[in-house]
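Protein sequence lines, in the order shown, are assigned to chains A and B. By numbering that gives the first Met the number 0, the letter at position 175 of the first sequence is numbered 174, and the numbering carries on one by one without gaps. By numbering that gives the first Met the number 0, the letter at position 57 of the second sequence is numbered 56, and the numbering carries on one by one without gaps.
For the record, the hints were derived by calculation from the structure and aren't laboratory data. C-beta atoms are modelled at their ideal positions from N, C-alpha and C, and glycine is treated no differently. Treat the hints with care, as some may be off.
[Said to hold, decoys possible] For each label pair, taking beta carbons as the anchor points, the in silico distance ranges come out as:
#, chain 1, residue 1, chain 2, residue 2, range
1, A, Thr184, B, Pro271, 20 to 30 Å
2, B, Leu112, A, Leu78, 40 to 50 Å
3, B, Met286, A, Thr184, 20 to 30 Å
[To be verified] From the structure, some residues in chain A lie toward chain B, with a derived Cβ separation under 10 Å:
#, residue
4, Gly34
5, Ser157
6, Met280
7, Leu283
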Amino acid sequence: MDDPLLSVQDLTVRFRTRAGTVTAVDRVSFDLAEGETLAILGETGSGKSVTAQALMGLLPRPAGQVAGGRIVYDGTDLLARPRSDTRRLNGTDLAMVFQDPLSSLNPVFRVGAQIGELFRRRRGASRSEARRKAIELMDRVGIPAAARRVDDYPHQFSGGMRQRVMIAMAIALQPRVLIADEPTTALDVTVQAQVMALLAELKAEHRMAMILISHDLGVVAGVADRVMLMYAGRVVETGGLREVYETTGHPYTRGLMASIPALDGPRERLVPIKGSPPDLMRLLASCPFQPRCEFATDICGTERPELMPVPARPESHRAACHHAKEVATDVVPG
Amino acid sequence: MSSPADPLLSVRDLHTSFPIRSALLRRKAGAVQAVSGVSFDLPAGRTLGLVGESGSGKTTLARTVIGLAPPESGQVRFDGQDLLTLPGADLRQARRQIQMVFQDPYASLNPRLTVEQIISEAWLINPGVVPRDRWATEVRDLLARVGLNPDHADRYPHQFSGGQRQRVGIARALALRPRLVICDEAVSALDVSVQAQVLNLLADLQAELGLSFLFIAHDLSVVRHISDEVAVMYLGKVVEMGTTEQIFTAPVHPYTQALLSAVPVPRPWASPQRRQIILAGDIPSPMSPPSGCRFRTRCWKAQDRCATEEPALADRLGDHSSACHFPELPATPAGSK
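Throw the hints in and build the complete structure from the sequences for me.
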């Protein structure tokens, strides 16, 4: 098998806070092949965004520290290289689209200049060439009348158009990996559909690999090849999209599925996950989901479950649950 | 008093707009027509879901009903009384029975008050509902009712999680024993696992207390789950209204169809007949809405007539009301084209 384009091994990120040290990402590993889309799913505090920040070298310093692991991109460990090197990769190799386009764009510069800056600084382009490239990109991401709007400021764009500007900036230097952190969460549903369609198109066009970070199991279903679910900083389940969604191996994934109201079929009472997400300060050494889990037995309170194969597709589908086999074969309620 | 058949809340031809003032002389330079001519009825003990995207006017509509935004014209009748013409004392009495749960459980609770103070503030402002010596007991009862530990009454909002804070917000809304609760994106900020808990709580409270809900949300699956009837809004107008079943299985307005088709479903392979309709462009500015049908600039069916003649909200295909000159049942169910 070819080497993956990006390989994350046992990544651990800690934050030092006044109240103590928090392990936000705990021994997370995954591979990403060229042209592949991996969705990282999880709720607030699961560590999905921190994982992305660590990949991009954007952890808030000095509070956030990579405490262990490797991030191997195209054969080299990014964490072992000087920070200036990692910065140089940003944009050309790895690029990121953030959730909130209004706070990610500089309000006092025209959007064309912000897009063009990439070409000026990184490609040594002249002012007029950068402007031409900016218009071309704005046009490519579906901003109408790009030649006129290139001189507008971010506040003159709607939320969906601003997100298109962000995407234009992210793909400007044709990165090989695009990381999109909740790219449509702030958008209305019809605009979300537009932006997701655009991302899928661009991905196919440039054979980009994509990491799509989301809390919404539905949004990623249309585009992801593989999914990875995180809970309390750990990977709890990973596998092909349909494997994970249909023969779910972790009780948490199952709980999330049962919590989503359906758009068709009978309307039944929801089956929520009991309790609330864990306090990362007081995390159990054993299974972090144990207090909320309906499958929990004695072993769950004493021993940390590692990722283990789920029977139907053991080669690709794994869940970090002592009872993964039981969960995967149990008939889902409702 | 009204008879049981009368709706608890009845809104007729409601218009609410916000003036835009010029920067220089503060002259009125224009107006944002946030709500333009909305009518609906909400019977007691039922839930009306209000869906629409940003700028559709759903929040302004709620704020007008509860008295936070003054309307230009129209009627808001609650329990048979017109809230817009009711004299002061009666108005207070009526308003007490309409309460609101807000979107952001972090911003809508005063961080410097304990949960007990937050809830009993309502009784301080509305004397006579609960006598002072009963406040502590009543707070405990309310906390238990919304699924919180009654012993936590002396805690501050920051000591609760997001889901628990939203429960505090619900307890506060229930303090004055309302008959109508307006939920403005009340579960949108919550993680799905917690959102499901709060949705179940709202359903239980409705069954126990006979509450009516005006439930505003942009998440269509949540609205489908909780609502008896649904009104779809676009640029300040209701474009389609009917029972939840009618709207979700037989939408006839192109906007409703597009909206439903755009909802991402977790198992797309389970409904292969689903076709996504991707609308072009953005919602136009409510400062200068398009002539005729307000949706025509994004509609794939638009014809000349749509630009000149505004379609009224009416029963067009013999089932429920829609505001489109060319209503049409979807070829296959669930909003596909």
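Outcome of the hint check:
{"no.": "1", "hint": "A:Thr184 to B:Pro271: 20 to 30 Å", "in the structure": "holds, 27 Å"}
{"no.": "2", "hint": "B:Leu112 to A:Leu78: 40 to 50 Å", "in the structure": "holds, 46 Å"}
{"no.": "3", "hint": "B:Met286 to A:Thr184: 20 to 30 Å", "in the structure": "holds, 27 Å"}
{"no.": "4", "hint": "Gly34", "in the structure": "violated, 20 Å"}
{"no.": "5", "hint": "Ser157", "in the structure": "holds, 5 Å"}
{"no.": "6", "hint": "Met280", "in the structure": "violated, 13 Å"}
{"no.": "7", "hint": "Leu283", "in the structure": "violated, 17 Å"}
In summary, the numbered hints that this structure violates are 4, 6, 7.
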